[in-house]
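Novice: Sequence:
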Amino acid sequence: MDLREYIVGLARKAIETYLKEGRVITPPPDIPDYLKRKAGTFVSLHRKSTGELRGCIGTIIPTTSNIAEEIIRNAINAATEDPRFPPLDLDELDDIEISVDVLSPLEEIKDIKDLDPKKYGVVVEKGWRRGVLLPDLEGVDTIEEQLSIALAKAGISPSENFKVYRFSVDRFKE
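Using this note's numbering, read the sequence shown as starting at 1 and increasing by one per residue.
Since the hints were derived computationally from the structure, they do not count as laboratory data.
Every residue, glycine too, gets a C-beta built ideally from N, C-alpha and C.
It cannot be assumed that every hint is accurate.
Stated by the list, open to error - List of simulated lysine to aspartate or glutamate pairs, EDC-like, C-alpha gap at most 20 Å:
(1) K20 to D95
(2) K13 to E81
(3) K163 to E108
(4) K173 to E16
Claimed, not checked - Derived DEER-like restraints, expressed as beta-carbon distance ranges:
(5) D94 to N161: 44 to 54 Å
(6) G139 to K20: 29 to 39 Å
(7) D136 to D95: 20 to 30 Å
(8) P83 to K173: 16 to 26 Å
(9) E138 to M1: 20 to 30 Å
(10) G139 to P29: 35 to 45 Å
(11) P28 to K113: 37 to 47 Å
(12) P158 to D94: 40 to 50 Å
(13) L90 to D116: 30 to 40 Å
(14) E107 to K20: 31 to 41 Å
(15) T17 to T63: 19 to 29 Å
(16) F85 to E21: 13 to 23 Å
The whole structure should be built from the sequences, with the hints applied where relevant.
Specialist: Right, dumping it as structure tokens:
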């Protein structure tokens with residue numbers, strides 16, 4: 001099994017087990033080395049039939065002891081805790097495509113010319129307000145669009161003085 005299959009399979013198993021049994025799985029002891037380090041992750045769920053987003057939850061900095069645990073936690077939360085959607089039903093799972101992004105550390109940037117919406121995600125921050133947008137999203141083609149969406153998510157006005165961070169991802173998708 002390749003790394004992509006392993007990672008997506010781990011996310012799917014976490015969701016399925018939680019929906020069936022109400023239980024959070026633990027990573028197997030023999031996880032690949034890639035998953036033993038710490039990193040933020042995002043798990044995105046889309047309907048295969050329509051392509052519509054069905055849930056997306058993540059962490060920009062790690063909150064667990066390794067990437068495998070981060071994926072399990074965020075997969076369950078994407079399926080059950082995204083406030084934009086009702087919790088996923090078990091009968092919906094066959095129509096769900098899972099994408100897992102493993103984030104690089106955040107890098108503060110001073111010039112938006114250092115952004116590229118196809119290559120880098122962004123985090124915008126002003127005080128306690130923070131907006132995140134993953135890279136390479138359909139319909140987000142310019143730096144300006146990317147920043148505008150992230151600022152709106154954070155409730156930050158473009159006229160405010162805010163910080164911008166970028167990150168890259170390793171994307172694992174079904």
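Novice: Indicate whether the distance between the beta carbons of L90 and D116 respects the range 30 to 40 Å.
Specialist: 39 Å, holds
Novice: Given the hint of 31 to 41 Å, check if E107 and K20 actually sit that far apart at their C-beta atoms.
Specialist: Given about 40 Å between the Cβ atoms, the range holds.
Novice: Per the hint of 16 to 26 Å, is the separation of the Cβ atoms of P83 and K173 within bounds?
Specialist: Roughly 24 Å apart at Cβ, these two residues keep to the hinted range, so it holds.
Novice: Range first: 20 to 30 Å. Now tell me if the beta carbons of D136 and D95 are that far apart.
Specialist: Distance hint for D136, D95 holds at roughly 23 Å.
Novice: Taking 20 to 30 Å as the hint, is the beta-carbon distance of E138 and M1 inside that range?
Specialist: 28 Å, holds
Novice: For the pair we were handed, K163 and E108, check the Cα-Cα distance against 20 Å.
Specialist: At roughly 7 Å apart (the allowed maximum being 20 Å), E108 and K163 satisfy the hint.
Novice: Checking one constraint from the list: CA of K20 to CA of D95, max 20 Å. Satisfied?
Specialist: Holds, at about 16 Å.
Novice: Against the range 40 to 50 Å, how does the distance between the Cβ atoms of P158 and D94 compare: consistent or not?
Specialist: Hint holds: Cβ distance 42 Å, inside 40 to 50 Å.
Novice: Take the C-beta atom of G139 and the C-beta atom of K20, compute their distance, and say whether it sits inside 29 to 39 Å.
Specialist: Since G139 and K20 have Cβ atoms about 34 Å apart, the given range 29 to 39 Å holds.
Novice: Tell me if the beta carbons of P28 and K113 are separated by a distance inside 37 to 47 Å.
Specialist: 44 Å, holds
Novice: Do the alpha carbons of K13 and E81 lie within 20 Å of each other, as the hint requires?
Specialist: 17 Å, holds
Novice: Does the Cβ distance between D94 and N161 fall inside 44 to 54 Å?
Specialist: Taking Cβ atoms as reference, D94 and N161 lie about 47 Å apart, which means the hint holds.
Violated hints are absent here; each numbered hint is respected by the structure.
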